[in-house]
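Peer 1: Next come the chains, spelled out residue by residue.
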Amino acid sequence: MRLRLTIGLWVVCAAQSLSISEPFAFVHRNSPTPQKYLLETMGGGVALLDYNNDGRLDVFFVNGGKPAADFGRRDPAFWNRLFRQNADGSFADVTAAAGLDKSPNAYGMGVATGDFDNDGWIDLYVTGFGANALYRNNGKGGFEEITTAATAVGGWSASAGFFDYDNDGRLDLFVTRYLDWNLDKNILCGTPFNAYCKPDRFPATTNVLLHNQGSGRFRDVSVASGIAKVRGKGLGVAFQDYAADGFTDVFVANDGMEQHLFRNRGDGTFAEAALDAGVAFADDGKPFAGMGVAFDDYDNDGKPDIAVTNLALEKYALFRNEGGGAFRYASATSGLAGVSARSSGWGVKFADFDNDGWKDLFVAQSHVLDNVEKIHSGLRYLEPMALYRNRSGKFEREDLGVPVAARGAAFGDLNNDGAMDVVVSVLGGNPVVLMGKAPSKNSWLIVRGAAQGSRIEAGGVTGYASTAGSYLSASDSRVHLGLGVRDTVDVTVTAPGGRKQVLRSVKTNRILELR
Amino acid sequence: MNLLLLVLLAAQVTPELKQAVEAGLKAKQSGDLKTAAVEFRKVVQLAPTLAAAHVNLGSVYFEMQDYATALPSLQKALELNPTLAGAELMLGTAQLSLGYAADAIPHFEKTQTIDLLGIALAEAGRDREAVDRLEAALSDRPNDPDLLYYLGHAHMRLAKQSLDQVAGDSARGSQLRAEANVAAGRRVEAVKDYAAALAKRVSLRGVHLALGGLALESGDVETAAKEFAEEFRLAPGSAIAALRYGSMLLTKGESAAGLKTLRRADELRPEMPETLLELGKAEAAAGDPARAEKAWLKVVELEPESGLAETAHFQLAQFYRRLKRSADAERERNLFQELKARRGK
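Going down the list, the protein sequences come from chains A and B.
Going by this note's numbering, the final residue of the first sequence carries number 515, and the count climbs one at a time with no gaps.
Going by this note's numbering, the final residue of the second sequence carries number 345, and the count climbs one at a time with no gaps.
Excised from the complex, chain A in its bound form (with noise of 0.2 Å):
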């Protein structure tokens, strides 16, 4: 099957910077219920990845399930998939020839990518409520699925990453769980009408940390760690080294409770440290529904922040690193607070889609209850997706497309233009295409082959090489950095750990291949 970007049903606002489309045949299946099991309405993990090494960024899209025993995964239509990219921008699915068309027994939440056996070739990690699973890329345009016990995790998975903890040149992997919650546990909520239950209703559960010891295999080290200390409603995870001590930090979005940032102690061991660092709680000292999460540069210090989306009301949170290992709340000073208030956030990250050397901030939106107007009529269930402008510092708020009920979001440049692009899965829908636009003036560069956890600055922007963040979702692992009006650059690129590459007089408008 063959889809084509520019055939698909575009909704293009002329005043908007990112062109929208639906090219692909995929419905994300959540399969709601009267008994509004809570897993249907968090799903819908997307991943951006190079699986075969042609230049060209592919598509893998989680799917749901059935709130069933087997959870109806061996019927195609609630099969993961995966969409190849072709040379003229094409797309054709490629999921049974990938071997990723059988499912695990699971009902499917989200995706991380890395290349955990550094043959060179991205590899994937599905997660889910049941069971997850791990699938090697065999460099061959094929997957082979290699789940172990430890790889598996069990329970209520959502975003996981890959990150290398211990700075021994393999990749780690980060699971979030969500709750302690089966089921059987379900309970109804809501009267006179059913809604999904708060999270509140069910208790908290811990997150998992599994170490890359070599050959596929990993170990479950969470309580070794320290990770599984504290019990959480994690959703969304990103790694960044915040202390600036060469080891990478793990912020993960909890719902309903206060955040956990677990301080890499460069000993293989975590210590939680969000309410010292000040990013536990929002300025009122409450908690709020974390869910998505960009950790990156938004004001171009060379620290990398947080920003959390949250449900409406809260307003999403934004944390600016104030060096020392101390963050505070920006969310009002940035003027981010009062133009997301109305708005409910998933997918998110810190990206700049007009190259103008600031990061903007899109986000994925929509309300957590599919009834929302029942319950309260100044709120709305869709909502169309926002790119919050970064103008030197202050959000700006521009709306993008129709109403939907987005989640996941993934991140790259999907035609190597220079230009951020984005694909958002929709809850029970097509996922959306928006293709970024970014004007002829400004320069870009893409860094591609940094290790995971490097940071690059390029004049005076700093980009950090991850995948992980937003919400169950998997980015490209090329850095794009906007960088305004400039022919050249000088490039330092850290590795975790602190070995440092600087590359001087850098032609922009390319993609820079690191050796």
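Read the hints as simulated data drawn from the structure, not as lab findings.
Don't take every hint at face value.
[Stated by the list, open to error] The calculated lysine-lysine pairs, modelled on DSSO-like cross-linking and capped at a C-alpha distance of 30 Å, are:
#1 K294/B <-> K286/A
#2 K394/A <-> K286/A
#3 K345/B <-> K185/A
#4 K294/B <-> K260/B
Let chain A serve as the given structure and place chain B on it in line with the hints.
Peer 2: Just chain B now, with coordinates in the frame of chain A:
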């Protein structure tokens, strides 16, 4: 001693009747109301003209809260003996519980049960009389939630009646209807009524404040800020309008303007904890740590156990952490967590 037993002691009764009475009383005393009802029904069949027998049967069903079954027994008892005050009160209460408020009124009047009379009058729509009785009852039980509820409703209806009669089409009439819609959760209708109120009188105070509040409940900060600004323009002496507007300016990232407005709110009504909390944030954002600290410490002093104090402790902990005052930061962090735990219980 039970009335029925007294009657029986004074009269010649059959052993069967005596046995049923004693069994019924024994069962009632032990809480076995079902058995008591069976025995008292036997008593009623054996002595149908005995008022006390009907009272006892009715009282058992009354205790079981089966008011519909209690009613005929109590009515029969009063028919046989109109001086039975206990039966009168139970009958009125049963009728009121079943929604027959108008029928219950004479029984409460006879027994001079002023609180239930006030409630029955309110439910029957006789609001002016209800207000008198309820206020009298409240003098004995000033915090009774039922009495307060009915008094509030009676006042509300009276106010609405007055406005409907005198000024139904007036700006105030629309404002009152809007407020009733807000209370009933009809937000769209409320906004329309508020707009109608403003169309009739542009300078009506309170309407923009309410519209701002409604916008804020939907997360529409931009509209809320405009409405609060308009309220503050109309009522420059309103500390609440200044607080709301200043708070919105902060939320929008307009820190300098927010600080100025919040300082004004503090001047208009000093020591208002909500203002002080926001003012602390604004002072901190403006780079005046001493003023920020002073504002938050005042919140804690004024309302040490409130949610505002919880937030103030949190703000202070963050604030001291930034100033590298570790001991102060730790103390405030602990106070925040302790208060949070106490309030969460």
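Peer 1: None of the hints should be skipped; say for each whether it holds.
Peer 2: Tested hints:
A hinted pair counts as satisfied when its Cα atoms are at most 30 Å apart, and K294/B with K286/A qualifies at roughly 22 Å. Straight-line distance between C-alpha atoms of K394/A and K286/A comes to about 24 Å, which keeps the hinted pair within the 30 Å bound. Taken as a hint, the K345/B and K185/A pair is honoured in the structure, with Cα atoms around 25 Å apart against an allowance of 30 Å. For the proposed pair K294/B and K260/B, the alpha carbon gap of about 17 Å is at most 30 Å, so the pair holds.
Of the numbered hints listed earlier, not one is contradicted by the structure.
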